[in-house]
Each structure stands twice: as C-alpha cells, then as structure tokens.
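Peer 1: Listed below, chain by chain, are the residues.
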Amino acid sequence: MIRVVFFAQLREQLGTAKLDVSIERVKTLSELKQHLSLQNPSWESALANTKLLVAINHAYVKGNHALADGDEVAFFPPVTGG
Amino acid sequence: MAFSIAVQIDDFDVGQEYSDLVANDVSAGAVVFFVGRVRDFNDGKNIASLSLEHYPGMTEKILQQILDEARRRWQLVSARIVHRIGDLQLGDQIVFVGTASAHREHAFQAAEFLMDFLKTSAPFWKKEKSRDGSFGWVESKDKDDKAAKRWE
Chain L
1 MIRVVFFAQL
11 REQLGTAKLD
21 VSIERVKTLS
31 ELKQHLSLQN
41 PSWESALANT
51 KLLVAINHAY
61 VKGNHALADG
71 DEVAFFPPVT
81 GG
Chain H
1 MAFSIAVQID
11 DFDVGQEYSD
21 LVANDVSAGA
31 VVFFVGRVRD
41 FNDGKNIASL
51 SLEHYPGMTE
61 KILQQILDEA
71 RRRWQLVSAR
81 IVHRIGDLQL
91 GDQIVFVGTA
101 SAHREHAFQA
111 AEFLMDFLKT
121 SAPFWKKEKS
131 RDGSFGWVES
141 KDKDDKAAKR
151 WE
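These protein sequences, in sequence, are chains L and H. Residue 82 in our numbering sits at position 82 of the first sequence, and the numbers go up by one each step. Residue 109 in our numbering sits at position 109 of the second sequence, and the numbers go up by one each step.
It should be emphasised that the hints constitute simulated quantities derived from the structure, not laboratory data. Owing to the predicted nature of the structure, the values given are computational and were not obtained by experimental measurement. One or more of the hints may lead you astray.
Now the stretches of chain H that chain L is said to cover, found in silico as 3 or more residues with beta-carbon under 8 Å [to be verified]:
| id | segment |
| --- | --- |
| 1 | 6-12 |
| 2 | 46-58 |
| 3 | 129-141 |
For the chain L half of the interface with chain H, some residues (derived, Cβ under 8 Å), not all of them [unchecked claim]:
| id | residue |
| --- | --- |
| 4 | GLY63 |
| 5 | PHE76 |
| 6 | VAL79 |
Glycine included, each C-beta is placed from N, C-alpha and C at the ideal position.
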C-alpha cells in the first residue's frame, strides 16, 4: 500500500488530506499521479501544477521515482513558513 | 540542548532561548538571533491573523537537516530553531533562529543560512485571515528562492 498525503491549498482543492493506493496499481510517481487523476478527473489540473513539491518518506524528490510498498508520498504547494 | 529544533503550538521566550544558547559555555563570544513575527500587512492586504499548517515528521526532519548543514559549514558552539504552528495573532512570535560561535561572522552567516533554507524547504504553510474577513494562502516569494540559492 502507498499512503498519499496532501497539504495546504492542495488539500483544500482536492477535499482530501490522505488516501491509500495499492502498490499493485502504481510502481512509480508518474503512475501514481496518472492513477489519481483517472480516479478523480476533477483533480487533474491541481495535480498538474508544476510548482507542486513532492516528498517520498519525508525527503524531497524531483522527476519520476520508483515507489515501494509502505511508502508515504506527499504533494504540497511551495512552502511559506518563517 | 547545544543543537536542537522544536515545532510547537506554544510561544517561546527569547530570554530563555538566549540563556540556553550560551549555557555553560564561555567560548561563545558571539550570539545572533532572529525572531519572525506576524505582520499586519502582506501583498496589499490588511492581515487580521494567521494559521500555520505543517507536515508532522517531515518538518522536524528538514529542520534537523538544515541545522546539521549549518554545523558543517560554520564553527558553531550551539544553534536552535523554534517554529510555531496553529493560530497566531498580529505581533505574535512565529519563528526563532539562534546561533552562538566564537566568531561573529560564523554566527551571523549561520543564522541567515538557517532562515533562508527554513523559508524555502521546511514544510510550513501560512493561511491569512484579512481584516475584511476573507481567507487566503500565502504565496511563496521569488526573493526567498534567490536568498536560499546564494548559499549553493
């Protein structure tokens, strides 16, 4: 299972903070985004935002990336703390 | 406590943080600290209050990584990052960054480095409530990205 989490305005746009996706369905980050957009067509534009940051298991990743069972994948907008 | 981070709802006491930075160490001849506060005006809007969201687990990990990197780059006796989450009012303290070193250049540069990277990599998000009652997420700023890039 892959745990997917969303934060800030992205969480509000999608109306979801977290969900689980079977590892059988998605082996990479690209496949995960495709899967999420197919399951929820209204999410497509929000998930296509090129400014979104992506983290796997609390570490930033860029580009495509392999996923493993038990991974936590986070999508969120540019950060604004401090 | 020589090098530590905290993510907390509670306010922090700058005097106490300063005491902790220099506690039991007479080599720390230079201490620098920065405090970020909730400002009344942002991007043309009159701000009434802020709420701060974060990514539990990743936030702490990133702050620790930033602190570790600062230790590698500069000669520090101690350093501390405190960042608040939750609902904050005008004038409330948001963030504390403190550094102590034998040399002021090290303390100043490390403190700037910590703030620049905190602003661009620690997963916090601010949501503003304006005086007219509307809500909006704060946009990230190009100048913060530029500030972080100068350390690369």
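Peer 1: Within the assertion that chain L covers the segment 6-12 of chain H, do at least three residues meet a Cβ-to-Cβ distance smaller than 8 Å?
Peer 2: violated (count 0)
Peer 1: Could you check if L:PHE76 really has its C-beta closer than 8 Å to a C-beta on chain H?
Peer 2: holds (6 Å)
Peer 1: For the restraint on L:VAL79, tell me whether the closest CB of chain H is nearer than 8 Å.
Peer 2: With a closest approach of 5 Å, the L:VAL79 hint holds.
Peer 1: Cut-off 8 Å, C-beta pairs, minimum 3 residues; does the coverage of the segment 46-58 of chain H by chain L stand?
Peer 2: holds (count 6)
Peer 1: Between the segment 129-141 of chain H and chain L, see if three or more residues pass the 8 Å beta-carbon test, and mark the coverage as holds or violated.
Peer 2: Three-residue rule met by the segment 129-141 of chain H, so holds; n is 4.
Peer 1: Does the closest beta carbon of chain H sit nearer than 8 Å to the beta carbon of L:GLY63?
Peer 2: violated (18 Å)
Going through the hint list in order, the structure does not satisfy hints 1, 4.
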